[in-house]
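Read in order, the letters of the sequence shown correspond to residues -21 to -1, 1 to 149 in mature numbering (1 follows the signal peptide of the UniProt record, and there is no 0).
A hint or two may mislead.
Below, in silico cross-link-like pairs of lysine-lysine (DSBU-like), each with a Cα-Cα straight-line distance of 35 Å or less [claimed, not checked]:
#: 1; residue 1: Lys148; residue 2: Lys6
#: 2; residue 1: Lys71; residue 2: Lys58
#: 3; residue 1: Lys96; residue 2: Lys85
#: 4; residue 1: Lys20; residue 2: Lys52
#: 5; residue 1: Lys85; residue 2: Lys122
#: 6; residue 1: Lys135; residue 2: Lys88
#: 7; residue 1: Lys148; residue 2: Lys85
#: 8; residue 1: Lys6; residue 2: Lys72
#: 9; residue 1: Lys37; residue 2: Lys6
#: 10; residue 1: Lys58; residue 2: Lys122
#: 11; residue 1: Lys52; residue 2: Lys37
#: 12; residue 1: Lys135; residue 2: Lys96
#: 13; residue 1: Lys135; residue 2: Lys71
#: 14; residue 1: Lys87; residue 2: Lys37
#: 15; residue 1: Lys58; residue 2: Lys28
#: 16; residue 1: Lys122; residue 2: Lys142
#: 17; residue 1: Lys37; residue 2: Lys58
#: 18; residue 1: Lys85; residue 2: Lys58
#: 19; residue 1: Lys88; residue 2: Lys58
Since the hints were made in silico from the structure, they are not lab data. These numbers come from a predicted model, not from an experiment.
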Amino acid sequence: MMIKKFLGLTLMYLFITSASAQTTVEKVEASFIASFMRYIKWPEQESLKTFTVGVYGKNNTIMNELNRVIHGKNIGLAKVTVMEVTEIEDIKKCQVLFIPNGRSAKLKKDLEALNNKAIMTVTEEQDYTPDYSIINFRVLDNKLTFQLNHEIASKKNIVISNKLIQMAKN
């Protein structure tokens, strides 16, 4: 009986610790995305009324964190909104698109169709960087880092400051 209680408590502790670590990563990712937006210029940014950050699929934790950190703030004169996206029509409305781990391959064809649209794609693939990703989060030595693909950003007329380029771990 004591062994069952111990195992149950241990499993519960591991689950809570794992969930807490995941939440922490998503808090940092949301803060990074908010910071990135200060170092990036989108074409026609000055004429935007709404600046949309999309999250592909259901990911309530990152949605909540992004809403907490950036919803309602301004990028230039545009108000920032955060929305869940599942369709290509929704993606077209975004200036930033966050694609959670494991969902990159599913979107590849749709994103290639939007190749010329100025959408900053942010992924979180640990083992590789998708060829359409402008920013990719990775954990290295227990620290969240990011890779930056300046070439893709340039093709989309997205201008990234040298300061952000220097901070990337490519």
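Item checked: Straight-line alpha-carbon gap Lys135 to Lys88, limit 35 Å -> The given pair, whose Cα atoms are some 17 Å apart, holds under the 35 Å limit.
Next item on the list: Please work out if Lys87 and Lys37 have their alpha carbons no farther apart than 35 Å.
Entry: holds, 18 Å
Notebook entry, point to check: Holds or violated: Lys148 with Lys6, Cα cutoff 35 Å?
Noted result: At roughly 20 Å apart (the allowed maximum being 35 Å), Lys6 and Lys148 satisfy the hint.
Notebook entry, point to check: Hey, Lys52 versus Lys37, does the alpha-carbon distance stay inside 35 Å?
Noted result: holds, 23 Å
Check: Within 35 Å, alpha carbon to alpha carbon, are Lys96 and Lys85?
Finding: holds, 19 Å
Note to self: For a C-alpha distance cap of 35 Å, please report whether Lys85 and Lys122 respect it.
What the structure shows: holds, 27 Å
Next item on the list: Below or equal to 35 Å on CA atoms is what counts here, so check Lys71 against Lys58.
Entry: holds, 17 Å
Notebook entry, point to check: Within a Cα-Cα threshold of 35 Å, do Lys58 and Lys28 meet the stated pairing?
Noted result: holds, 6 Å
Notebook entry, point to check: Would the pair Lys20 and Lys52 pass a check requiring their Cα atoms to be no farther apart than 35 Å?
Noted result: Satisfied, since the Cα-Cα distance of roughly 16 Å is no more than 35 Å.
Notebook entry, point to check: Are Lys37 and Lys6 close enough, with their CA atoms no more than 35 Å apart?
Noted result: holds, 16 Å
Notebook entry, point to check: Holds or violated: Lys148 with Lys85, Cα cutoff 35 Å?
Noted result: Given that 35 Å is the threshold and the Cα spacing comes to 25 Å, the pair holds.
Check: Within a Cα-Cα threshold of 35 Å, do Lys85 and Lys58 meet the stated pairing?
Finding: holds, 30 Å
Checked against the numbered hints above, the structure breaks none of them.
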